[in-house]
Amino acid sequence: MPTLIKNGAIAADTYTRVDAVDGVLSLPAGDVLVSLDTLLAHRDQVLAHSGGKGVQLKSEQFAEQVADVVKELDLIAIEFPAFADGRGYSTAYLLRTRFGFTGELRAVGDIFKDTLFYQARVGFNAFAIRDDKDAAVALKGLADFSEVYHASADQPQPLFLRRAI
Amino acid sequence: MYRYDAYDQKIVDDRVSQFRDQTRRYLAGELSEDEFRPLRLQNGLYVQRYAPMLRIAVPYGMLSSDQLRKIADISRHYDRGYAHVSTRQNFQLNWPALVDVPEILAELAQVEMHAIQTSGNCIRNTTTDQFAGVVAGEIEDPRPTCELIRQWSTFHPEFAFLPRKFKIAVNALPEVDRAATQVHDIGVYIVRNGAGEVGYKIMVGGGLGRTPIIGSIIREFLPRQDLIAYLDAVLRVYNLHGRRDNKYKARIKILVKALTPEVFAEQVEAEFKHLQNGPLTVPASEFARLASFFTAPAYETLPAVSAELTEARAKDAVFDNWVHRNVSAHKVPGYAIVTLSLKQVGIAPGDITAEQMEAVADLADRFSFGELRTTHEQNIVLADVKQSELAALYGELKALGFDTANIGFLTNIICCPGGDYCSLANAKSIPIAEAIQRRYQDLEEVYDLGPLDLNISGCMNACGHHHVGHIGILGVDKKGAEFYQVSLGGSSGHDASIGDILGPSFEAEDMAEVIEEILNTYLDLRLPGESFLSTYRRVGIAVFKERVYANAN
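Chain order of the listed sequences is A and B. Sequential numbering from 1 applies to the first sequence in the working numbering. Sequential numbering from 1 applies to the second sequence in the working numbering.
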């Protein structure tokens, strides 16, 4: 099981991953995390769920595909099949800055110390650290840099605006 | 040139610490080979045929004498006492030990240098004309724009893991393009619109490699304050939609071609609309701040033509010839731009020893306000030399072996490190360059051939820009043996074109003869005053093909 880092600390993962079986979706009590396909096919059921509601996007699924439900979701998880597949960085950025998602944005998959800094910058606040990696070590990755040039979800002002002050 | 403030220094210092930790964890087995590879590549570190290769960034080719001394020092302590100027205006060390690299980066940081994003699938070093800021005719100095792009692209959190590498060049001269701008992922042209405002024309989707393509214009005029927002938009469309299933189809040029430039442009404009007039808008004060680093040095008021120079040229025909070939016109009266040819026969093109680096650094201090430039043709430029001191400088360059008067001619060969060093190479490239240079040692013969770009790459990655050489040579692997394919008619200027393949490839020992036959064909066919490229464009490839293969048979 990956270890979850959330809001800068190791945290328990309260979400249960569920998906439809033979077209039937049965949601357990508590927080649930479903695939985009399941969300689209069982939208009303998922959104009516009383616990936390999350959707997990594959790296080739885009922010636009959940644009109309972001306000009702508590968690969006974005898959990184390999950390060098950089699509999830743009997806996260768009969810935060364009589609107004304010819930938990979680990086899942090939996640370890060296991916965290950039991921935090584009708006992730949760990281499912690979189970063969030390989460305490990974946590330190959030502090790899103390200053940045370009703007992103964490810092909307590029350095050229902040320098001028 | 640009100097770091506390922000820039902190960012580079943090990078050194980060990479030190990554290297330590790799050596301790905490990071796997596959995990470490993308991380080390983003610090310019390749693992090559015999040893790692470290590529040190020289932002848009600008270098101070102290920085060059530092590279000399590093090459002596951590390497074998020499370095190599690359075709992206960077420096490469061929033999550093992996364990030493964090320390090398720490030393570089002391002189405001680094190896950030000199490799990997990220935004690479932005390049421009090596004569930027000192040549007449520029719309404006391109270097503040280059520095703006450098800061935007450095550790851009969204675009560190693109589908493939990404290269940007900036051109500011309507007359000449010395930066091969049209074969870049993005070409930024500094232009003036009808209202007299300075802005940018944006080209995308050029590139060399396996599928060479000339870029397409997607924006005729972009107001200057919108450059960063627009670049963000281009990169976001590419990052999300560029192919990741096949690394040979992953460059932006493939996406632009698949969508068509018109549709790609529409997607960029749609994205750009979200960003325009937001915090990415670059204020005039930032352009002014960046421009303040590239102000003119303390030029003296001098006559347009120096009497000392005229006299020295009249006295010494060899010096006169060198001035004619390797010295270019400066926009300030009485000054000149000098290109040091790193293309001496018997030395790998672009190679320079630690002692030579130190000597050149001293020459920069003595003759050119302590600054130098590297060129994509793998030479070094002293950009601000008083004409009256050219003779003295020439004497020093002669002693160093950097006086070969071949700039713009056949033997100023662009050549990648090839199979002698690079693990990607299919074939050696340096010995081919040497064979051609040996065949053409008579400079009069070389001048008679007129302006000529001969470019050699050891593999399809095309680091030696073979597609855009007037004559291009590509190393290929044929059943485990090294062969060479020849192309003709390429150009990297404003009239950019991709060369046409002549025909079946040749063995290494035949290459000098093949080139000779191509050039003899040109000499037989040219009209008075007609260059190789013009002749080729007029007569086409068939006659060259006939002559070369008739001879080979």
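Since the hints were derived computationally from the structure, they do not count as laboratory data. Glycine is no exception: its CB is placed at the ideal position from the N, C-alpha and C atoms. There's no promise every hint is true.
Said to hold, decoys possible - With a straight-line Cα cutoff of 30 Å, these simulated DSS-like cross-link-like pairs (lysine-lysine) come out:
(1) A/Lys58 x B/Lys10
(2) B/Lys273 x A/Lys6
(3) A/Lys140 x B/Lys10
(4) B/Lys249 x B/Lys273
(5) A/Lys58 x B/Lys247
(6) B/Lys273 x A/Lys58
(7) A/Lys133 x B/Lys165
(8) A/Lys58 x B/Lys257
(9) B/Lys273 x A/Lys71
(10) B/Lys257 x A/Lys133
(11) A/Lys6 x B/Lys249
To be verified - Cβ-Cβ distance ranges computed for the label pairs, FRET-style:
(12) B/Asn321 x A/Asp154: 57 to 63 Å
(13) B/His77 x A/Glu60: 44 to 50 Å
(14) B/Ile139 x A/Asp19: 53 to 59 Å
(15) B/Ile139 x A/Arg163: 24 to 30 Å
(16) A/Asp68 x B/Pro283: 32 to 38 Å
(17) B/Glu262 x A/Ala41: 43 to 49 Å
(18) B/Glu396 x A/Asp134: 23 to 29 Å
(19) B/Thr211 x A/Ala82: 36 to 42 Å
Outcome of the hint check:
Distance hint between A/Lys58 and B/Lys10 is unfulfilled; the C-alpha atoms sit about 36 Å from each other, more than 30 Å. For the hint pairing B/Lys273 with A/Lys6, the CA-to-CA distance comes to about 33 Å; that exceeds 30 Å, so the pair is violated. As the CA atoms of A/Lys140 and B/Lys10 are separated by approximately 18 Å, the hinted pair is consistent with the 30 Å bound. Annotation: proposed proximity of B/Lys249 to B/Lys273 holds, straight-line Cα distance about 28 Å (limit 30 Å).
Simply put, A/Lys58 and B/Lys247 have alpha-carbon atoms about 20 Å apart, close enough for the 30 Å limit, and the pair holds. With a C-alpha separation of about 27 Å, the suggested pair B/Lys273 and A/Lys58 falls inside the 30 Å cut-off, and the hint holds. Annotation: proposed proximity of A/Lys133 to B/Lys165 holds, straight-line Cα distance about 28 Å (limit 30 Å). The suggested pairing of A/Lys58 with B/Lys257 holds, with an alpha-carbon distance near 26 Å, which does not exceed 30 Å.
About 23 Å separates the Cα atoms of B/Lys273 and A/Lys71, which keeps this hinted pair within 30 Å; it holds. A distance of roughly 41 Å separates the Cα atoms of B/Lys257 and A/Lys133; the hinted pair therefore is violated under the 30 Å criterion. The suggested pairing of A/Lys6 with B/Lys249 is violated, with an alpha-carbon distance near 37 Å, which exceeds 30 Å. Remark: the range hint 57 to 63 Å for B/Asn321 to A/Asp154 is upheld by a beta-carbon distance near 59 Å.
A hinted range of 44 to 50 Å holds for the C-beta pair B/His77 and A/Glu60, which are about 47 Å apart. Separated by about 58 Å at the C-beta atoms, B/Ile139 and A/Asp19 satisfy the suggested range of 53 to 59 Å. Roughly 26 Å separates the CB atoms of B/Ile139 and A/Arg163, a value that falls within the hinted 24 to 30 Å. Restraint check, A/Asp68 to B/Pro283: a C-beta distance of roughly 36 Å satisfies the suggested window 32 to 38 Å.
Between B/Glu262 and A/Ala41 the CB atoms are about 36 Å apart, so this pair departs from the stated range of 43 to 49 Å. One distance hint, 23 to 29 Å for the beta-carbon pair B/Glu396 and A/Asp134, is violated here, with the actual separation near 57 Å. Remark: the range hint 36 to 42 Å for B/Thr211 to A/Ala82 is contradicted by a beta-carbon distance near 24 Å.
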